[in-house]
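Residue numbers (the numbering used here), protein chains in the order written: chain A, 99 to 267; chain B, 18 to 345; chain C, 1478 to 1768; chain D, 3 to 671.
No wet-lab data here; the hints were simulated from the structure.
No residue lacks a Cβ here, since even glycine has one placed at the ideal position from N, Cα and C.
Keep in mind that a hint or two might mislead.
In silico SDA-like pairs for lysine to any residue, Cα to Cα no more than 25 Å straight-line [as the list claims (entries may be wrong)]:
no.	chain 1	residue 1	chain 2	residue 2
1	D	Lys-356	C	Met-1650
2	D	Lys-284	D	Val-256
3	B	Lys-165	A	Pro-176
4	D	Lys-433	D	Leu-373
5	D	Lys-356	C	Lys-1479
6	D	Lys-284	D	Asp-367
7	A	Lys-193	D	Lys-177
8	B	Lys-310	A	Asn-206
9	A	Lys-235	D	Thr-482
10	D	Lys-246	D	Tyr-661
11	C	Lys-1627	D	Gly-364
12	A	Lys-193	B	Asp-313
13	A	Lys-224	C	Tyr-1575
14	D	Lys-240	A	Pro-176
15	A	Lys-224	D	Lys-246
16	C	Lys-1479	C	Gly-1596
17	D	Lys-242	D	Tyr-661
18	D	Lys-216	D	Ala-576
19	C	Lys-1627	D	Thr-482
20	A	Lys-193	B	Asp-304
21	D	Lys-196	D	Glu-456
22	C	Lys-1570	D	Thr-620
23	C	Lys-1504	C	Pro-1514
24	D	Lys-284	D	Val-274
25	D	Lys-177	D	Val-274
26	D	Lys-356	D	Asp-410
Some chain A residues judged to face chain B by a derived CB distance under 8 Å, without partners named [stated by the list, open to error]:
no.	residue
27	Gln-160
28	Lys-193
29	Gln-201
Chain A stretches covered by chain D per the calculated footprint, using a threshold of three residues with CB under 8 Å from any CB of chain D [said to hold, decoys possible]:
no.	segment
30	128-138
31	171-180
32	214-220
33	227-241
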Amino acid sequence: MSKDTPLPSAEGFEPRIVAFFCNWCTYTASDLAGTSRMQYAPNTRVIRVMCSGRIDPRFVLQTLREGADGVLLGGCRPGDCHYQSGNYKCLRRFKLLKRYLAQMGVENERVRLEWIAASEGDRVQKVTNEMVEQIRKLGHCRLEQIPRPETEPAAETHDLEQVGAGGMI
Amino acid sequence: MSKPKAGFYWCASCGGCEESVVDLAEDILGVVEAIDFVFFPVAMDFKREDVEAMEDGEMTVCFINGAIRSSEQREMAELLRRKSQVLIAYGSCSYQGGIPGLANLCSREEIFKFVYHDSPSTDNPQGTRPQVRFDAPEGELELPSLDKEVKSLDQVVEVDYYIPGCAPPTALLKAAVEALLSGDMPPKGSVIAPDTALCDDCPRIDTKPAEPLITEFKRPWQIQIDHEKCLLAQGLLCLGPATRGGCDHACIDGNMPCSGCMGPVSRVRDQGAAIISALGSLLNHDDPDEIDKALDGIPDPAGTFYRYGIPHSTLYARCGITAGNGES
Amino acid sequence: MKYLYYPGCSLKGSGRSYEESLLASFKKLGVEMHELPDWNCCGATAYMAVDEMKAFALAARNLALAERYGDGEPVTLVAPCNACYLALMKVQKYMAEYDEVGRTISDALASADLSYRGGVRVRQSLDVLLNDVGLDLLAEKINHPLGQWKVACYYGCQAVRPFAPFDDEYNPMSMDHLMRSIGAEPVDWPLKARCCGGTLTGTIPTVGLRLSYIILREAIDRGANVVATACPLCQFNLECYQSQMGREYGEDLDMPIVYYSQLLGQALGIDDRSLGLQRHFVPLTAAAAVG
Amino acid sequence: MIMHRKSPEDQPRIGVYVCHCGVNIAAKVDVEHVRDFAASLPGVVVSRDYKFACSDPGQELIQKDIREHDLNRIVVASCSPQLHERTFRRTCADAGLSPFFFQMANIREHVSWVTVDPGAATTKARALVAAAVRRVARAEALALRQVPVRPEVLVVGGGIAGIHSALTLANAGKKVFLVEREPTIGGHMAQLDKTFPTMDCSACILTPKMSDVKNHPNITMWTYSEVDEVSGFTGNFKVKVRRKARYIKEELCVGCGDCVDACVMKKEKVQVPDEFNVGLSKRKAVYMPFPQATPACMVIDPKQCLQLMKGKCAQTCVDACERAAVDFDQTDEIVEIDVGAIVMATGFRPFDAKRIPEYGYGRFDHVYTTLEVERLVNASGPTGGEVVLRDGTVPKTVGVIHCVGSRDRRHNAYCSKVCCMAALKMAHLVKERTGAEVFDFYVDMRTPSKGYEEFYDQVLSEGVQFIRGRVAEVTDWAMTPEEEGKLVIRVEDTLIGVARRVPVDMVILAVGLEPQVDTAEMQRRFNISCSQEGFFLERHPKLAPVSTFTDGIFLAGACQGPKDIPEVVAQAGAAAAEALALVDRGHVDIEPNTAWIEEEACSGCKTCIPLCPFNAITRDEEKAIAVVNDAMCKGCGTCVAACPSGAAQQNMFTDEQIYEEIEGVLAYV
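Bound-form chain A, shown alone (with noise of 0.2 Å):
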């Protein structure tokens, strides 16, 4: 057996969660969570987006890839979207994502919709640390490591108009 990078233990392992919240209701819960003072888990990373609809796959992709552990998405209520319909659109691209990600071995919990209107603070609390203790649970997001040329190519020159003036069709 080759040695992999050991799992890190349990312990002193804090998950990186990055939130995509959107403008008018999670973003407004979780400052209403901050002037309630709610205390919950630092894990989490707010970014904001005008609105759910906003949230693009590719983002959550590319959080993970960039190391996060955990992606949270958060928009208005069904119904209650400052946009008619963003959260409806953000909730069909993100259950076919979720299809993927399960093909792609990505846990389930890592990725995660919530609808949160602006007066729940106390539900942006409970569900950042209810993400924070399963992804807790889970370890680090490992995904794959992407390879790249490990040294630079021994030809030196791409002298382009070397190669044009050698060729004339």
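For chain A, the structure is supplied; the task is to place chains B, C and D on it using the hints.
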């Protein structure tokens, strides 16, 4: 003045890319006149020793098709990189991992287990597995080993240009050769193909309604496909909106939905995610259960949306497939 | 309609007439009741007070048996005795809401090769009569309307508190509706769910008797000529201590205390003996004249 | 579309300001450390920490640095952008920098206030600052879009809040549409007899304002009307108002009441409970809610009128009306209006006392709610101002119960604020009218306003007996001969520590205030938010108490939370002033966060077109590409996320900016 030297090599591929060269038809004569092929194992009898004997950078250009999965392919890629001034990843496999790249959904052990044990057509009572070393009567043989994952060419060596497609449209090959000869090459790292999605020149675009058009996903065998109407509008998973054009809509003309072989346009980091976002958005359901029901019509999202590009995608491979040694 | 039936100890003992009348009535209404095989004590009353966790384990065993009986299908367990009903509801809720209870009880069950995943719906028989059988079907099946009875519907505390899934906590009405549907007249009175004295009647009789007496007195004041109960302990307290109450408070008490199911049975035309009416100390007939 | 591509010489020179916010941030986050960390980030030229970045000296410091260090990007790590983004954008703009070269990192609401461990808080603050620095480097100079604002204002709800808002706006010369769903304006205040603590007659102070509304040349008053649909955005709302069929021609009716006399529903048992008198009296199918109703116009209840229900009636009303105002063929009419601002003044609904069955409301005849007793004591009420019970007797003892439906976890945890005073008022009025002995059961006496505590003192001195305790139940179960025939209030008197039974003839329940039943529906229709208890949510509890998260929509009165009349009027004035400030300016600045399509990248695949909720995207058939109409785009970014070509982008939220943010929060740990 001597003609520029060129190489054409295959790694993990099907041979279709070579076919695409033949597809140049009479134009191939012009190419052969302008270029000296110094390495082309499928067509001409050159050996690795011949390449090793070359000066570094001796070849003006080398086209490599096929993904990289074995030690041999890696060595050849590195060797050809050294020997050529311009290295072109030719075809979907070399560019993005291609069909062989789907193997990144499984570990090497799972593949071996299936191929040498579980598959219904396997008869292997001794449980023989491929060996890297083998004691033949003639002495010990060393064979190429299989890597844990499939890589695109640029994940192994630096690549100068990409020509996409499965197989690449001959027009692109021709354009690339002409550009090379004329010296009018785009910036390094470019994909030599148009940079708009297939819909741009799809002959059926006018029949595509501008509305949330999907209520149910269908497979081509499930319906009588209309020859004129937008395939997405017929419920077929056409990846045209998220796939680079340049293929002269060959599949569409064959009344088959685009399966995405040309890869994404340059502004899109992840082709599959782009189509997930677009199709998800256009699904005409709000009820979570209805959404799920509709999505059941896509039994294999990874294989559907990343058919030609798992190694080149953001996630690269299924988590955990390189864990353990996977040796038999 | 088919239900799993949890009798509990009372319905096999002091409250036998409750079981007799209820099962006979259900049969007549076409409702199938299957007694839960190998059931045990629900853990209520004294047990609960001495060691709550053990009481929960007892109750949970019944739920586990019921779930197993269901074999993957949803199960409704009917507990006619209010004490059983509450004990079963309580352990169900606590197991779901308190991790520690859930764990401890699951471990206890596991030691007997049992498990409980929360798949049983516990219901009171009144709930079933009102909401599943329905007043329409009842009205159809009634052939002996009981016009002579002015009924004080006495629900007792445990049917509606602290959980009130099918009726109001303070002014329950399901039995009232039932009584009206069988032709009897429920009296409007405020003590429907007030304490009957419970086990205090046995331990601190001055308190217990007084509480029972308040109930009876009010029922009489409101013009009732019969009290209908849904709980064997209430029935026992209110009926069996009437002479003692009489001595204590200086009046003759002669109020029949029956189960609602007995009146229902009568209205369905079932004979008194099958309804266990002969088992009562204060005969149902005696007070009819008083009304 | 306003877009400036960055020129190569425009290398980011970033200034980072880490705010202490007094101790709000600094007590938890190691601000010096974050400052030093920020200084190490690429592109950062200046990094400072400061006590209060939003203060004048703080802003001046930033401006000085912009000038002296030639800064072209600013990051302030402080509170939520909801609070001070505008402040700092102005700071930048005043120093000659595009306000959109500014980025905020929220290290107060999202960090210092919610994190226990200082180390973890500092780490999180670093991540957010790093993200802001990376993001701001990609910022583009955009210009605020200016859109003209319509001068008209819509006021929704014709209670005292709506009335006061409408009059304030109309007096300022603005055209106001006042939409009220009931047949008359006046709201709950019209039902009140007296108003605490001064005991002015409610009608005397309200009805003049009602007729002012009716007669004001700048006010269009539509009663019996509802808002069906709202579209558009701040400064330019399009509103569809449904004017429900009243079956009386409003322009002809003079409110004489001849039709009421003529109506065939003569027998009381076929009549229906009168809404205005809270069901204490009956009305016919054709009616006017109350004599001073405004407009003084009848209405026919389609759910009661025989002609409208069954198409069969003698139509005596038609014959009786000399002005031929009855019109059974009327149908609902939809009117479309354009307004610049909207004031929500939709009020409250009283808590339904039936939901607390142990208090016996609806079961015992002699249990009343405060609103019912308002009608009983009112001289024009069903009893002509006599406090007589449903059995015709005059109560000798009365119990008033506080906190019915309020401060009760089973129902509403919040304090309804007005009920203590309303209960005291009832105690006073009933005692004054009947001389009864009054018991007042309170949990805590809450009388914190001008003249309120003095009123409590007065009621105390009048001999009302106060018992502190939450009433357990109201019962007709008598335990003693004295209790016979009475309602017994059972309560633990927490001041003397005993359980008491207080027999009374009449119980008055001081019911709390709840959100209107259709608040959730209204919230959606107007695209505003609700707080947890269901009242409309203000933009900021302190600094924007009458604004909503939707620009151009303001809140007045009890629809935002329980309030008494003085507060409602003050808030209605404030809402009117905010609306006025908006429409008077003539234009509004709109965030330039619109989407746009990169022409050469668009394949014309039409994915984005149906996704736009505002129909802002169309297809340019000639170029075969999608085009975003900048004026219609509201900047949700849904099309951007969906574009499979990466051709759609959103100003202020480009893919690259968000990728930078993603990398920023994750890169430096």
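Right, here's what the structure says about each hint:
Pair hint Lys-356 (chain D) plus Met-1650 (chain C) holds up; C-alpha atoms about 14 Å apart against a cutoff of 25 Å. This hinted pair checks out: Lys-284 (chain D) and Val-256 (chain D) have alpha carbons roughly 22 Å apart, not beyond 25 Å. Between Lys-165 (chain B) and Pro-176 (chain A) the CA atoms are separated by roughly 44 Å; this puts the pair beyond 25 Å, and the hint is violated. For the given pair, Lys-433 (chain D) sits about 17 Å from Leu-373 (chain D) by alpha-carbon distance, which is consistent with the 25 Å threshold.
Annotation: proposed proximity of Lys-356 (chain D) to Lys-1479 (chain C) is violated, straight-line Cα distance about 36 Å (limit 25 Å). Proposed proximity of Lys-284 (chain D) and Asp-367 (chain D) is supported: the alpha carbons are some 17 Å apart, at most 25 Å. For the hint pairing Lys-193 (chain A) with Lys-177 (chain D), the CA-to-CA distance comes to about 48 Å; that exceeds 25 Å, so the pair is violated. Between the alpha carbons of Lys-310 (chain B) and Asn-206 (chain A) the distance comes to roughly 19 Å, so the proposed pair stays at or under 25 Å and holds.
Under the criterion of a C-alpha separation no larger than 25 Å, the hint pairing Lys-235 (chain A) with Thr-482 (chain D) is inconsistent with the structure, at around 65 Å. Taking the CA atoms of Lys-246 (chain D) and Tyr-661 (chain D), the gap is about 52 Å. The hint is violated against a cut of 25 Å. For the hint pairing Lys-1627 (chain C) with Gly-364 (chain D), the CA-to-CA distance comes to about 23 Å; that is within 25 Å, so the pair holds. With a CA separation close to 11 Å, the supplied pair Lys-193 (chain A) and Asp-313 (chain B) stays within the 25 Å bound.
Pair hint Lys-224 (chain A) plus Tyr-1575 (chain C) holds up; C-alpha atoms about 17 Å apart against a cutoff of 25 Å. Taking the CA atoms of Lys-240 (chain D) and Pro-176 (chain A), the gap is about 24 Å. The hint holds against a cut of 25 Å. A C-alpha spacing of about 45 Å is found between Lys-224 (chain A) and Lys-246 (chain D), which places the hinted pair above 25 Å, so the restraint is violated. Annotation: proposed proximity of Lys-1479 (chain C) to Gly-1596 (chain C) holds, straight-line Cα distance about 16 Å (limit 25 Å).
Between Lys-242 (chain D) and Tyr-661 (chain D) the alpha-carbon distance is near 41 Å, which puts this suggested pair outside the 25 Å criterion. A threshold of 25 Å between alpha carbons decides the hint, and for Lys-216 (chain D) with Ala-576 (chain D) the separation of about 22 Å falls inside it, so the pair holds. Distance restraint check for Lys-1627 (chain C) and Thr-482 (chain D): the Cα-Cα separation of roughly 24 Å lies within the 25 Å cut-off, and the hinted pair is therefore satisfied. Simply put, Lys-193 (chain A) and Asp-304 (chain B) have alpha-carbon atoms about 12 Å apart, close enough for the 25 Å limit, and the pair holds.
As the CA atoms of Lys-196 (chain D) and Glu-456 (chain D) are separated by approximately 17 Å, the hinted pair is consistent with the 25 Å bound. Between Lys-1570 (chain C) and Thr-620 (chain D) the CA atoms are separated by roughly 56 Å; this puts the pair beyond 25 Å, and the hint is violated. A C-alpha spacing of about 19 Å is found between Lys-1504 (chain C) and Pro-1514 (chain C), which places the hinted pair at or below 25 Å, so the restraint holds. For the suggested pair Lys-284 (chain D) and Val-274 (chain D), the alpha carbons sit about 5 Å apart, so the restraint of at most 25 Å is met.
Of the pairs offered as hints, the one joining Lys-177 (chain D) and Val-274 (chain D) is violated, with about 38 Å between alpha carbons and a cut-off of 25 Å exceeded. The straight-line distance between the Cα atoms of Lys-356 (chain D) and Asp-410 (chain D) is roughly 15 Å, inside the 25 Å bound, and the hint therefore holds. Proximity of Gln-160 (chain A) to chain B holds as hinted, the smallest CB-CB distance being about 6 Å (cut-off 8 Å). The beta carbon of Lys-193 (chain A) is positioned within 8 Å of a beta carbon in chain B (closest approach about 5 Å), and the interface hint is therefore held.
A distance limit of 8 Å between C-beta atoms decides the matter here; for Gln-201 (chain A) the minimum to chain B is near 4 Å, and the interface restraint holds. With a cut-off of 8 Å between beta carbons, the segment 128-138 of chain A has 9 residues touching chain D; three or more are needed, and the interface restraint holds. Three residues within the 8 Å Cβ limit are the bar, and the segment 171-180 of chain A against chain D gives 3, so the coverage statement holds. Only residues whose C-beta sits within less than 8 Å of a C-beta in chain D count toward coverage, and the segment 214-220 of chain A has 4 of them, enough to reach three; the restraint holds.
Requiring three or more residues with a Cβ within less than 8 Å of a Cβ of chain D, the coverage given for the segment 227-241 of chain A is violated, as only 0 such residues are present.
Comparing the model with each numbered hint stated earlier shows that hints 3, 5, 7, 9, 10, 15, 17, 22, 25 and 33 do not hold.
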